[in-house]
Amino acid sequence: MRKEKITLKIKRQDSPQLKPRWETFSLKYRPGMNIITCLMDIRKNPRTLDGMKTTPVKWEQNCLEEVCGSCTMIINGRVRQACAALVDKLEDPITVEPMKKFPLVCDLVVDRSSMFETLKHAKAWVPIDGTYDVGPGPRIEPEKQQEMYQLTRCMTCGCCLEACPQVNAHSPFIGPAVISQVRLFNANPTGRSNARERLESLMITGGAQDCGNAQNCVEVCPLHIPLTTSIAEINKQITLKLLGMLKE
Amino acid sequence: MPNQLQKNPDVAHFYLRRLHSLLGVIPVSAFLVEHMIANSFILKGPEAYNSVIQALRSLPFLVPLEILLIGFPLAYHSVYGIYITLTGSANTASYSYLRNWMYVLQRVSGIIALVFIAYHVWEFRIASDIYGFEVSYEAVSKALANPWNFAFYSVGLAGTMFHFANGLWLFCITWGITLGPKSQRIAGWIFAVAGLVFFVLAMQTIWAVVQ
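Chains as they are written, first to last, in our numbering: chain A, 300 to 547; chain B, 146 to 356.
What the hints contain is simulated information worked out from the structure, not anything from laboratory work.
Be careful, since some hints might not be right.
[Claimed, not checked] Taking lysine to aspartate or glutamate and the EDC-like style, the derived pairs with C-alpha atoms no more than 20 Å apart in a straight line are: (1) Lys422(A) with Asp155(B); (2) Lys318(A) with Glu416(A); (3) Lys327(B) with Glu446(A); (4) Lys419(A) with Glu179(B).
One chain only, chain A, in its complex shape (with noise of 0.2 Å):
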């Protein structure tokens, strides 16, 4: 018989300035509820355990199907969204927190525009703007759709830099997720024919060469996408773009 109340210790922080408090939440159990139900519940009410009245948990969403990324936060030490968190499959008391390697915005939002900022570095798209039209692309074989559509559902959720040894303050490595992404446009037989800028922006300090192959990242990503097979992939082409090999 699951207990009729759960208990959930969350991370507060009010400002990047002010200093990070816990409180901690006793919410009446429901099935089938989730981090975000636990969330808004505590918005109805916002009262902590000893009854002592609080702000609302300040965090952000959007799909709540785990395709958008956006209430990726830390739950019970591990990087995860929110919203596929089910709490009959979590040990109580629940621990929440926001993600470490980002700059925290407030409570359990943190910005994570640098992951975007990585994308718009890498030119991780396919340039076919101009003046008239270019017509259709060439065709792509099934099997090599099937590769590339897994690292097409990459959202950016940020969780394989959280769990990425290799990513902190301390470390310039831009993470798995761009490098993936680069994989994809570099396999695209139009974007192809950026293939060697996206490698060279990969070939600078924190760029490819520094990931330490931890692996984390494969084990976290909710999306299942083959990150290590990326970044090996990307380490080949880059290998191969050194030998003058690379095939254009």
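Given the coordinates of chain A, assemble chain B onto it according to the supplied hints.
Using the frame of chain A, we list chain B on its own:
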């Protein structure tokens, strides 16, 4: 962190990191294999071992060869390895996956190997030149007869062999040789067996010399 990226677009860093990886295999690992094979002559008795040592120490251009092929690559690999270790942040408490442990062990074993090799080079190479004693079966036997030294060698060899075997596995990814999980798993087994074989050979060698 990724937001530090554009502030410091240093191309040299890429080559320095890949050089670290390359030197770890050629010549450092290659020398380790040669060294293990040469030392295993201990198993054939004092005369066989002494004649191998004699032959190696009478190589023409010995000192330039030692500095260029062993000293410099090893020093670079060590210094850059310490830098890499300092840029890491172990998180095995939250993410206790096998490969994450190997990531930590690669750094720990690297430090163990560095301390061990520094002492080993001093004991049997530099000290012999300074104090003018001959490195021979008798000298090695005497040094390893001390149980503390023997224990230190056992730990040092374990660290070195782990770092060697796991390092070869990492090399295969860093240069894009093993791409998918399957090939990486196969490479993992191959290098695990290789590391174990060399560790057993090394232990047999130091055990034989104290008998």
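Hints, one by one, checked against the model:
1. Lys422(A) with Asp155(B): Holds, because 18 Å separates the two Cα atoms, which is no more than 20 Å.
2. Lys318(A) with Glu416(A): violated, 28 Å
3. Lys327(B) with Glu446(A): holds, 16 Å
4. Lys419(A) with Glu179(B): violated, 48 Å
In this structure, the earlier hints numbered 2 and 4 are contradicted, and the remaining ones agree with it.
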